[in-house]
Amino acid sequence: MNNKGIIFALDATVAAFLIIGAIIFSYALMNKESVLPYIQVIRTGSDVLALLDNEGILNDAMEDGEFETEDISEAIEDILPSNYEIRLEIILRDASLLSDTTTAIGPQKPTDRFIGAGKRFFVIKDEGGDVITHFGVARYWVWLK
Amino acid sequence: MQKRGQIAIMDLFLAVAIFTIIIVIVGVVWNMQTKRFEGSIAQSSMQIKAFQATDLLVKNPGVKTEWEENLTVLAIPGLSTNDRTISEAKASNFTSLDYDLVRQLLNIQEYEFYFRLLDDEGELIISSGKAPIATTSSVAVRRFVHYKDNLAILELTLWA
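Quick mapping for you: the protein sequence lines, in order, are chains A and B.
Those letters in the first sequence? Residues 1 to 145, by my numbering.
Those letters in the second sequence? Residues 1 to 160, by my numbering.
To be clear, the hints were calculated from the coordinates, so they are not data collected in a lab.
For clarity, every value in this text was computed on a predicted model and none was experimentally measured.
List time: in silico EDC-like cross-link candidates among lysine to aspartate or glutamate, alpha-carbon distance up to 20 angstroms: (1) LYS59(B) <-> ASP53(A); (2) LYS148(B) <-> GLU55(A); (3) LYS148(B) <-> GLU66(B).
Let the hints inform the model, and build the full structure from the sequences given.
Here it is, written out as C-alpha cells:
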C-alpha cells in the first residue's frame, strides 16, 4: 500500500506539471505581441528627419553661429501626424572637431509605451554652401500619443 | 472487495472524463493557435513586403535612373529624385505602368496593391492599382515625402 501511494503521488505530480506547462505555453502564445506595427513608428521618425535634412531646415537652423530650434519645431509640427510625438537630440560638432553642443527638442520620452529610435548624420554648410561648418548627429525618439 | 472494485471503476471514469476534457481543450486551443499563427505569418509577410516596396519607392530614383523618359528600360521602380522627394514625372509615369508589371517589379505578385499619393490635407493627388475590398486582409504603409515642394503622403496598400 505504501508503494502504491507513492506511485499515485508521482503520477499526480507529473500530470500537474504537464498541465501547468501547457497552460503557461498557451498563455505565452496567446499574449505574444507582434513587433511589426512598430516599424511604422520608426519609419515615421526616419521620414521626418530625412525631410528636415533634405529641405535644409537643419542646415538653416544655424544662424550667426547659434543653433535656433524654433524653425525645426515648426517644421516638425507640420510634418508629424497629430497622433505622434517626437523628441530630437541634435549634437553639433564644429568643423575643427574641438567643441560639441547638444540641443534637445520636443517632450520627454514616456516610459509606458513603445518608443522607436534612430539617428541621422548631417552636415551644416556656410551660406555659400561650399564649406562645412559643423558635423551633426540628430538622434530621434518617436512614439504614439 | 466488490465495493473496492466500484471505487476503482469510478476513479477510472473520472480520470477518463478529465483526460477527455483536457484533450478536447488542448485540441481546440491548438487549432485556434495554428490558425492565428498562420494568419499572423501571412500578415507579417505582407507588412514586410509593403515596407520594402515603399522604401524602394521613396528612397531611390529607380533603375535605370531616368526610366520615366523611356518606360521600357525600367528594371526597378523608384520615384525619388532625392531621398523622400518624389519626382512628378516618375510618379505620373508610375501610375500609368501596367498593374501586373508593377507587382512583378516590386516583388509583390502574391498580393493586390493600391498606390496613392495624398497631399498634407489627405486629398488625393494620384493613384493607381486596385482599391482593397472591405472583407480582405490588408496592410497600408504611409510614408512622409515631399512632392512639388509640399509635404505629401505616399501610401501603399497591399491586400489579399
